[in-house]
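Going down the list, the protein sequences come from chains A and B. If you're matching positions, the first sequence starts at 1 in the numbering used here and goes up one per residue. If you're matching positions, the second sequence starts at 1 in the numbering used here and goes up one per residue.
Since the hints were made in silico from the structure, they are not lab data. Model, not experiment: these values are computed from the prediction. Heads up, a few of these hints could be off.
Unchecked claim - Straight-line distance between alpha carbons at most 25 Å, and here's what the computed DMTMM-like set of lysine to aspartate or glutamate pairs gives:
(1) A/K382 - B/D41
(2) A/K300 - B/D147
(3) A/K411 - B/D169
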Amino acid sequence: MRSRTSPVALVILSVALAAACDAAPAGRPGSSAAPPPAEHAAASAASQQATKLAAAAQGSPQQRRAQFEQHLGLHALQAVRLMRSVVAAAPDFVPVASASLQDNTDALSQLVTTAYGDANGDRFTKLWKRHITDLLAYARGVTGKDASAKQASRTALLAGAEAYGAWLAQASSGRVKASDATAGVRMHVQELMDQADAYAARDYARAYRIERQAYEHMFTSGAALAKASITPELAVGFDTPPEQLRSAFAMLLGEHMELIIGAQRATFAGAPEFDAAAAQVNANTSALTKGMAAIVGPRKAAEFQSAWAEHVEGLLAYTAAVAANDEAAKATARQNLDGIAGRLALYLSDVVRKEVPVEPLTEAITAHDRHLTDHVDAYAAKRYDQALQLEREGYLQMLGVANTLVGAIQKTVRPQLPVGGSQTGGGGSAHHRHR
Amino acid sequence: MTRGRRRLAAAVAALALLVGCSGSGEQRPEPSPAASSPASDRTAAGAEAARGFRSVHGYQATPIPVRLQIPRIGVDTSLDHLGRAPNGTVQEPSRWDVAGWYAPGPRPGDPGSAVILGHVDSKRGPAVFFRLRELRHGDQIDVTRADGATVRFVVQRTAKYDKRLFPTDEVYYPTLTPALRLVTCGGQFDATTGHYRSNIIVFATMRP
């Protein structure tokens, strides 16, 4: 049974999970029982929902940015997967994927209304729904090899991009140029059309590569959408280096979650599609490792990659066991994942010099693992409602993980940065000559 | 419309779009990519592929930078390694005519801001970064690494900061965007301390 999550509740959920990264999903139908402490944490988070909602509605520009980033990134992924399910003729999955995309549109509309007001929110909602309808029509054109239908949809999508640009220019009181906003949406729709074409042509490597690009482009556009809603005075400090780091880690960790989900589903579609999806999982791991190198240096980054590789391999070993319907292998994989979570938590806690203790990190990683193992169980059993609900919860959880990790990194890194300016002048001759 | 009805309508619309192409005399689509072989065979092959999955291992650190070239201002220098001085400030380059790379920070081309410092002058005249302040948006900076590869950066802006207000985060704070910062001295020279009062900072991003 699909839970009826309202847009407001989704905003609450996002904030609650951000605030409690160690909270396991609460009350998931059919999911295995979460450990009592995590259930308690989830219940505690739920009890603070009213307060969190107020915080979300009046949130700081940075919070608004984080929410836009997350929901725009999710839009790209859900749209890709909906179009793909149309092309793959998966009639059981299409309505569920469509409803999930609609849920995200509701959440985005709520955010836009909070940021830009009711009238602009209404106009945005209409534009966004039209955009989704046109994407679906394009996918249908691809499926039917109907060139004229594809062209008509392309024309409609590009017209929608123009309308979006005009809307944002007006809604932001000119802080964003219509042409800039239009260009961003044009790129988005082009990527979505291209990936559908590639998927239909069984060029899975290209389809999955574009999917990742589309996610990253939409995720990063969240900053501009949030910034355009505030005055230049409020925008001071909006894009500081610590905020950029938080955003980048949130993007990569959310991407990790979603790419694993993509690889899990691709497993049921055959080896060529799995290989393409897995290549993007590896690309994400490489990007995360390079990111860690920027913070902790190359030696520690190599250690991170080993620990992370074990985590990813453990998740896909479980997926293989589910797809093979091998209960013994599933049990072994679950046991392995528990051990891996402990080791990864130990590593991360060490990196941030115990700013985050091992125990809550272990719980957060275990909750993340459980989202993914439960997801593939549900997907294999064709309980798509539940699978997509788990996907959403797991994805939103990653923002909390990123916030917690980056907060700890900030406390660890800042004392190590050089203090003050540099003494890189020795004579005063430059002063005289440059005058 | 209630939320439930809206969701139902969305699902119906999606289904209509999905199945609509088979009606009205339209050509029936060919088997979809995922439907061209029995599902059980595909899943078995997918399971086998997933079982054989190996994550990326063996992280190779990016080679260290060894040379800096800035054609616009005639800079061509090897690079020394700098660290943090005991008082927490960045070490000064030990040679007037050679710039230094802040080695605890990112390597050029990796995510984050690589930082290279150089003197503007000595008591005897101009030093390696004497003309750094002339760099403008679009100017090119090349960093050669130990493996011989060159990473190209493009100047975004050049700015002067009072040393008391040095933008530490803008220069040293980790980010995931590959960037380069060049730092030297500028502004008023304080003869009593023997130091300049400001720093000139060039902000550059990696060329894709």
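Indices of hints not satisfied (ascending): none
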